[in-house]
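> Two chains, each in its own frame: build the complex with the hints.
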Amino acid sequence: MDLSYIALLMPSLLRGLGQTLWLFALTLIFSLPLGLVFTLGSISKIPPLRWLSRLYIWVFRGTPLMLQLFFIYYGLPFLGVAFDRTTSAVVTFVLNYAAYFAEIYRAGIQSIDRGQHEAAKTLGFTPWQTMRLIILPQTISRVIPPVCNETITLVKDTALVTAIGVGELLKAAEGAVNRDMDITAYILVALIYLALTFVLTVVYERLEKRFSRHQKKEA
Amino acid sequence: MAILTVENLTKRYGGFEALKGVSLSMDRGETVAIIGSSGSGKSTLLRCINTLERVSGGRIEIDGEVLVDTINGQVKYPPEKELRRICMKTSMVFQQFNLFPHLTCLENITIAPIKILGQNRADAIAKADRLLRLVGMESKADSFPSMLSGGQQQRVAIARALAVDPQLMLFDEPTSALDPELTAEVISVIAKLAQQDMTMLIVTHEMEFARTVADRVLFFEDGEIIAGGTAAEFFENQQNERIRRFLNGFQK
Ligand SMILES: Nc1ncnc2c1ncn2[C@@H]1O[C@H](COP(=O)(O)OP(=O)(O)O)[C@@H](O)[C@H]1O
Ligand SMILES: [Mg+2]
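These protein sequences, in sequence, are chains C and S.
The first sequence begins at 1 in the working numbering and counts up by one.
The second sequence begins at 1 in the working numbering and counts up by one.
Hints are not guaranteed to be accurate.
[Stated by the list, open to error] Computed far set for chain C versus chain S, every beta-carbon distance over 12 Å:
id	residue
1	Val59
2	Val147
3	Glu150
4	Val177
5	Leu188
6	Leu194
7	Val202
[Claimed, not checked] Cβ-Cβ distance ranges computed for the label pairs, FRET-style:
id	chain 1	residue 1	chain 2	residue 2	range
8	C	Arg61	S	Gly21	48 to 54 Å
9	C	Ser44	S	Asn240	46 to 52 Å
10	S	Gly118	C	Ala195	49 to 55 Å
11	S	Asp27	C	Arg61	57 to 63 Å
12	C	Pro77	S	Lys81	47 to 53 Å
It is worth saying that the hints were derived from the structure and are not from the lab.
Virtual Cβ for every residue (Gly too), placed ideally from N, Cα, C.
Just chain S, same shape as in the assembly (with noise of 0.2 Å):
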């Protein structure tokens, strides 16, 4: 069964249209990369199945519960509060990983199971200790995100979003912030999860992950999905020109 249907997206600021009609679908346990160049929309999808912005038009379905539905031409959300239930079956990582600085790591990815899920104390902590070594950050538990490395913080940052147990992943160019050779072992975590079969949708501009992680490939222009198809058959035999000069842009 789809995890995420979406159907028809707009998003409109003041009179741009940043997406103008988007459908996708996503099963459990896909890798799904979305690429394209940057102010095509990428994030702006994101944001709005995540509620960060509202939409201007559609329908998102999120493991099977209505999040938002247009009828009439009337954008229709539920409650506040059922918005977030719903909302909360997804987890972002964002490009500035956006670590809460006055907190350590661990009670970073512990805040939101214990005050948010309210589980309690020890089981949250022994939680967040099994995500710390799933990003390979143990040894940094009692660290302060400032005193980490760029790499350092999103990998945290990952196991925050994962402490909440969201059904489907959202990740911003999750590397887009990090130099090269912080880049891979960020890489290197999120492969993990697709091995693990987490359900991901993943914005990027490293093309080489896209290929050997994502299942799916979509391509963004100018706030459409202009084409998509599985990985293999995206990078190895792309027949459209406009995308094969946009990869080859990324081939160093």
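Just chain C, with the same shape it has in the complex (with noise of 0.2 Å):
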């Protein structure tokens, strides 16, 4: 491998690195919260409110994100909703997303001691209270390893909107593969997608630590 071409190549894989690390901050900003709303939906008393979220959770878990990533970008128009492109892949990706996330919150929140909310009920906290002062903070720490494995999956999910032709890592290694017949920059993208999801699991970690201070602690 030679040092200059490399060199030559870091301008736009960074660029193209910029793009898929904003697509992957709007995704994450947008869909964590919410998944939540979709969550409180699927487990909400009121039964149009919890059919219709749980119908929207299938659906997005249940075909595939390019698929989704098409319909919206080429589908949407005829129904008269056109977005340009990085618009459709963010929008794909929020509703993609949270609907795992919502998927994963609602495991977490169902994993919580019966007892809990009973007691809860005793001390004379509201469904509602008892949701936001005590399940929800419990279920925090045990939905976080889900998440981040999500949001690994995540990293390597934004690839897919080169399919739209959305600019993003791959699509800039891809462009300067067919250029110059030489698969340097295919190999460089491997090792940034590498770092980013080292990086992630890192600071997965460090939070995971944070947020589980509570548990069990040799007495």
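Structure follows, in structure tokens:
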């Protein structure tokens, strides 16, 4: 491998990395809270709200992300809603990941012992106060590992947006490989993805430690 | 005046009748022990009194207010908010403690007074300190429940239940999940409350505890109260052969 060739590639790869990180960040910022909305919907006592939320989660988890991407970019214009490439990508990812997070949160909430609900009720908590003050805070430490796993998948999923022509890391490399007939760019992006997932893993280990501070310590 | 009146309470789970018409009444300051074999409906009674379960029929009155009534076969509860207010005259101690693991002992005790009763922080903390001293747990105020023994957790749970100023304390086998040596420390806390004239309805398998701490004993069998009386007459002078055999089974 030729260092000067690598140096030549880096600017466009870094630009691609920026786009990837931007998509990653926007997806998380919107889908993490949106997922909670669908979770609360899916366990709600109001039947239509519960059904709609569950249908939503089922559809978005049950169909390929790529298909959803095509549907929103190519399909929605037929219904009179047209987003540009980047917006389509962000919207699809947010909707898709919200469904996955919703399911993770729901499993977390339902793993909390029934005795917690009962104790809260006997102390006069309303169901919503119980959820907010007792159940959700305990859920956080339980959902951190699966949520973190999901975001590592997200890093890699961002490469799918190449399919509708959105610029990001993989697309930047693809351009260089086709132009120069040299796979160096692919090797470089592989290393960049690995570095990203490594950094995320380290961050998540920290988070996990922080949020499990109340769990059993050697007495 | 009666703090609790239960009349002809029934509770069905599907086709199974867990309570078959239970009636009892408690006066302020009384300690009543409920004994009886497992599955006889003791927990169900407590859980109907604090609305963890909805009754199938009958009437419950707490501190002169109607929690539930049955009129012409129709079970009638007041609206949700009203129901919660009446229920808050009771407080419950569970067999499995059910402390909130994400909160320290102190926070477990203050959360309801602050968030539910709207007391100010400083008052709630001062009161929690007093309660922690009462149950002998003042040194663990800032510990998380997972760092405590079962007996210690249960003592904190008792303090938490007391913090909402209940008129009636419900205990569901408070020592059944504990090793014998930890049972004693919890029992002595409950005995102390009895001396302070706390009104308590206690489901227990500790016969010695029931005999020495309770004013009255009720015996459950198959969803009914089949015997009852002052602790002295119930234990010293039991006429019912089956109950005598039940009591003998606990003598070690
Ligand atoms: N949620 C429930 N669904 C169905 N049956 C129940 C439920 N809770 C309790 N039971 C039944 O009701 C009976 C009384 O239970 P319980 O009040 O817990 O007894 P105890 O506390 O005296 O051991 C038992 O036979 C039990 O199996
Ligand atoms: Mg029981």
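> Would the least Cβ to Cβ distance between leucine 188 of chain C and chain S come out above 12 Å?
44 Å, holds
> Is the nearest CB of chain S more than 12 Å from the CB of valine 59 of chain C?
At about 34 Å from chain S, valine 59 of chain C clears the 12 Å cut-off, so the statement holds.
> Confirm or reject: valine 202 of chain C is not an interface residue toward chain S, with every Cβ-Cβ distance exceeding 12 Å.
25 Å, holds
> For the range 57 to 63 Å, tell me whether the beta carbons of aspartate 27 of chain S and arginine 61 of chain C fit it or not.
58 Å, holds
> In terms of Cβ atoms, is chain S entirely out of 12 Å range of leucine 194 of chain C?
35 Å, holds
> Do arginine 61 of chain C and glycine 21 of chain S keep their Cβ atoms within the hinted range of 48 to 54 Å?
Holds, at about 50 Å.
> Tell me if the beta carbons of serine 44 of chain C and asparagine 240 of chain S are separated by a distance inside 46 to 52 Å.
51 Å, holds
> Check the following: the C-beta atoms of glycine 118 of chain S and alanine 195 of chain C are separated by a distance inside 49 to 55 Å.
51 Å, holds
> Does valine 147 of chain C clear chain S by more than 12 Å, comparing its Cβ with all Cβ atoms of that chain?
17 Å, holds
> For glutamate 150 of chain C, is the shortest CB-to-CB distance to chain S above 12 Å, so the non-interface label stands?
Holds: least Cβ distance 23 Å, greater than 12 Å.
> Valine 177 of chain C clear of chain S by more than 12 Å, beta carbon to beta carbon?
50 Å, holds
> Lying within 47 to 53 Å: is that true of the beta-carbon distance proline 77 of chain C to lysine 81 of chain S?
50 Å, holds
The structure is consistent with each of the numbered hints, conforming to all of them.
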